[in-house]
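Protein chains: 2
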Amino acid sequence: MKSQAILLASRPQGAPTAAQFQFETREISAPTEGQVLLKTLYVSVDPYMRGRMSAAKSYIAPFEVGQPIAGGVVAEVIESQSAALPVGSTVVGNLPWQEFSVADAKTLNPVPVDKAPASYFLGLLGMPGLTAYFGLLDICQPKAGETVVVSGAAGAVGLLVGQLAKIQGCRVVGTAGSDEKVAHLKALGFDEAINYKTTPDIAQALANAAPNGVDCYFDNVGGAITDAVYDLLNKHARIALCGQISTYNVTETPTGPRPEGKLLKTSTKLQGFIVSDYHSRWPEGVAKLTEWYAAGKLKGEETITEGFDQIPAAFLGLFAGENTGKAVVKVA
Amino acid sequence: MKSQAILLASRPQGAPTAAQFQFETREISAPTEGQVLLKTLYVSVDPYMRGRMSAAKSYIAPFEVGQPIAGGVVAEVIESQSAALPVGSTVVGNLPWQEFSVADAKTLNPVPVDKAPASYFLGLLGMPGLTAYFGLLDICQPKAGETVVVSGAAGAVGLLVGQLAKIQGCRVVGTAGSDEKVAHLKALGFDEAINYKTTPDIAQALANAAPNGVDCYFDNVGGAITDAVYDLLNKHARIALCGQISTYNVTETPTGPRPEGKLLKTSTKLQGFIVSDYHSRWPEGVAKLTEWYAAGKLKGEETITEGFDQIPAAFLGLFAGENTGKAVVKVA
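From first to last, the protein sequence lines are chains A and B.
Using UniProt numbering, the letters of the first sequence correspond one by one to residues 1 to 332.
Using UniProt numbering, the letters of the second sequence correspond one by one to residues 1 to 332.
So that you can see chain A by itself, here it is in the shape it has in the complex (with noise of 0.2 angstroms):
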């Protein structure tokens, strides 16, 4: 059968741009044995792709030019070689960004749909949900009381930090790009909410949001939001270093000042990390995410694009700041 299929046409220089996509008819083979035919139902955007668009060297492999993109794909089964996955199983994996597409089935994990909408299983209870989990209470390890500041605190996995360090009992401070979103932000608990793009010194109001300094910080962002909160920090803080969206698109190595003094007279610990470091720990992520969910503690927020066709201005608005939480592509 044919599948439309979206090909990394060229490497960005800087911001990424439509451009760098190709759409392809590709003839999609029959599944073979222990495989099975996937329709897609959900794609997943995120900012991490940006890195893997470039051919620099990383945690995770480059995308290859003239290749599919690939990424997180929630699917349904619709043709079956393997017993463990029966026609209209609901599954979710690595996998590239086509209509169709054909997969092993021990590359791919179940997804309980009578416990959320399918598409959580891309965000809440997926990759972000983990990744929010374990760098908040794994590095960061926030005690009741504490301030945590996350930035981009808006994004995918943003919005869940914020509501796991309300579920510990923490002052939470989140910075993000627009009014509405900080206005989201306040909605679902957060104590304090900036915009950084309309605030003239997010310095001063991010020492105001955090009056007794910043015990955690959780890094999406980078720069100047970052070297501000560099300047707030407790003894002891921890710092959960995500991402640097700020970054991603720079053309030469990003300078600012230096952050080891600050680092160094606070003991701080900092802590780089991807969700893969804890792979041997996702089911007690997943199971402990999911119980919040069905207790009402955490909401999975989405912004969701319809059409296969609109993947790449998803994938494109994530570093205009479009979404507000998960950013997902509804395809079927």
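Among the hints, a few may not be true.
Derived DMTMM-like pairs: lysine to aspartate or glutamate, alpha-carbon spacing no greater than 25 angstroms straight-line [to be verified]:
| id | chain 1 | residue 1 | chain 2 | residue 2 |
| --- | --- | --- | --- | --- |
| 1 | B | K186 | B | E322 |
| 2 | A | K262 | B | E64 |
| 3 | A | K57 | B | D227 |
| 4 | A | K235 | B | E64 |
| 5 | A | K115 | A | E284 |
| 6 | B | K330 | B | E76 |
| 7 | A | K330 | A | D201 |
| 8 | B | K235 | A | D277 |
| 9 | B | K265 | A | D231 |
| 10 | A | K2 | A | E79 |
| 11 | A | K265 | B | D227 |
| 12 | B | K57 | A | D201 |
| 13 | A | K143 | B | D138 |
| 14 | B | K265 | A | D114 |
| 15 | B | K330 | B | E79 |
| 16 | A | K288 | A | E301 |
| 17 | A | K265 | B | E252 |
| 18 | B | K265 | B | D227 |
| 19 | B | K262 | A | D277 |
| 20 | B | K143 | B | E76 |
| 21 | A | K262 | B | E284 |
| 22 | A | K265 | A | E79 |
| 23 | A | K235 | B | E284 |
| 24 | A | K235 | B | D277 |
| 25 | B | K265 | B | E64 |
| 26 | B | K186 | B | D227 |
Stretch by stretch, here's where chain A covers chain B in the computed footprint (C-beta under 8 angstroms, at least three residues) [what the hints assert, rightly or not]:
| id | segment |
| --- | --- |
| 27 | 109-121 |
| 28 | 238-250 |
| 29 | 256-262 |
Simulated from the structure, these hints should not be mistaken for lab results.
Keep in mind that this is a model prediction, so the values were computed, not measured.
Using N, Cα and C, we set each Cβ at its ideal position, and we do this for glycine too.
Starting from the structure of chain A, add chain B where the hints point.
Below, chain B alone, put in the same frame as chain A:
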């Protein structure tokens, strides 16, 4: 009785000079109940003391202008109002830069002079030894076969870090500021040592010295050496952030390439620390260092200057790279 004292005359702007120190003769009162009168034997001069000369908030209170500078001192009890410390005892404590002083016995620790030279309790078996021990073994946790880089390797802490890393079975690379120091490091068992002052391309030299990348970095220095190490980090690298001597005397906020992206891609942990963070574990550290010293596995290298009036010069020499190993002033 009377004693010479060295006071902080003024706070340095940039690099400290002799103008920061003022000699004064002070009256020393007789010890009262629980106190001892001390004759200073050895005074420790340490890079961290530069921070205390500034008014800026840090992990330890600033020295006061017009008051004696204080730090690690080994002294002999010459008059005692404490049963715990009879006359003739040798002790170590945080004491003023004076020929004589009075202190509460409970603020002092007896020095087991049968185990090592008394001055070693300011170095190998004192604060620098414990700094190396906890920074390397607790924060970095090096495994046999891993590559450990230490900057400021010929300093009091760095020399011990390298030796401890060799005990752990690691490949050890050090940076230092003279050919004599480099030769000394190699004689002590460092696998590679780099003179950062004469090497034209420090990044290339480090890459050559660490062909398998860097697993652990013990940073005493900061700046360009640290920037270069960040480019060599292996996945799950660990950085013990102990000092930043290259920036202690700058008057503007130092800037440089932002490290966060590199730390993120490698899931590196960077932990700022000061030895007092490990206060509850000091006995363990001293016991282990003493055991390795007794077994001939650790050498306690010193640069000893003689004379109370030479204390300021010995301190200033730290920033000119004049010492190899622990810088100590022999007073009496």
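Now the hints, each set against the structure:
For a cut-off of 25 angstroms, the pair hint linking K186(B) to E322(B) stands: about 18 angstroms separates their Cα positions. Proposed proximity of K262(A) and E64(B) is supported: the alpha carbons are some 22 angstroms apart, at most 25 angstroms. Straight-line distance between C-alpha atoms of K57(A) and D227(B) comes to about 18 angstroms, which keeps the hinted pair within the 25 angstroms bound. For the hint pairing K235(A) with E64(B), the CA-to-CA distance comes to about 22 angstroms; that is within 25 angstroms, so the pair holds.
Between K115(A) and E284(A) the alpha-carbon distance is near 16 angstroms, which keeps this suggested pair within the 25 angstroms criterion. Proposed proximity of K330(B) and E76(B) is supported: the alpha carbons are some 13 angstroms apart, at most 25 angstroms. With a C-alpha separation of about 39 angstroms, the suggested pairing of K330(A) with D201(A) is violated against the 25 angstroms cut-off. With a CA separation close to 10 angstroms, the supplied pair K235(B) and D277(A) stays within the 25 angstroms bound.
Pair hint K265(B) plus D231(A) holds up; C-alpha atoms about 24 angstroms apart against a cutoff of 25 angstroms. Distance restraint check for K2(A) and E79(A): the Cα-Cα separation of roughly 15 angstroms lies within the 25 angstroms cut-off, and the hinted pair is therefore satisfied. Only pairs whose Cα atoms come within 25 angstroms are accepted, and K265(A) paired with D227(B) is accepted, the gap being roughly 19 angstroms. This hinted pair checks out: K57(B) and D201(A) have alpha carbons roughly 22 angstroms apart, not beyond 25 angstroms.
Distance hint between K143(A) and D138(B) is fulfilled; the C-alpha atoms sit about 23 angstroms from each other, no more than 25 angstroms. Of the pairs offered as hints, the one joining K265(B) and D114(A) is violated, with about 36 angstroms between alpha carbons and a cut-off of 25 angstroms exceeded. Note on K330(B) and E79(B): the hinted pairing holds, with a Cα-Cα distance of about 21 angstroms set against a maximum of 25 angstroms. Our distance criterion of 25 angstroms between C-alpha atoms is met by K288(A) and E301(A), whose separation comes to about 18 angstroms.
At roughly 17 angstroms between alpha-carbon atoms, K265(A) and E252(B) fall within 25 angstroms of each other, so this suggested pair holds. Between K265(B) and D227(B), the direct Cα distance comes to roughly 15 angstroms. Compliance with the 25 angstroms bound is thereby established for this hinted pair. For the hint pairing K262(B) with D277(A), the CA-to-CA distance comes to about 16 angstroms; that is within 25 angstroms, so the pair holds. This hinted pair does not check out: K143(B) and E76(B) have alpha carbons roughly 41 angstroms apart, beyond 25 angstroms.
Straight-line distance between C-alpha atoms of K262(A) and E284(B) comes to about 29 angstroms, which puts the hinted pair past the 25 angstroms bound. With a CA separation close to 60 angstroms, the supplied pair K265(A) and E79(A) exceeds the 25 angstroms bound. Between K235(A) and E284(B), the direct Cα distance comes to roughly 24 angstroms. Compliance with the 25 angstroms bound is thereby established for this hinted pair. This hinted pair checks out: K235(A) and D277(B) have alpha carbons roughly 10 angstroms apart, not beyond 25 angstroms.
With a C-alpha separation of about 44 angstroms, the suggested pairing of K265(B) with E64(B) is violated against the 25 angstroms cut-off. The suggested pairing of K186(B) with D227(B) holds, with an alpha-carbon distance near 24 angstroms, which does not exceed 25 angstroms. For the segment 109-121 of chain B, the proposed coverage by chain A is not satisfied: 0 residues have a C-beta within less than 8 angstroms of a C-beta in that chain, short of the threshold of three. Check on the segment 238-250 of chain B: 5 of its residues sit with their Cβ under 8 angstroms from a Cβ of chain A, so the three-residue criterion for coverage holds.
Against chain A, the segment 256-262 of chain B contributes 6 residues with a C-beta closer than 8 angstroms to a partner C-beta. That satisfies the three-residue criterion, and the hint holds.
Violated hints, in rising order: 7, 14, 20, 21, 22, 25, 27; the structure is consistent with all others.
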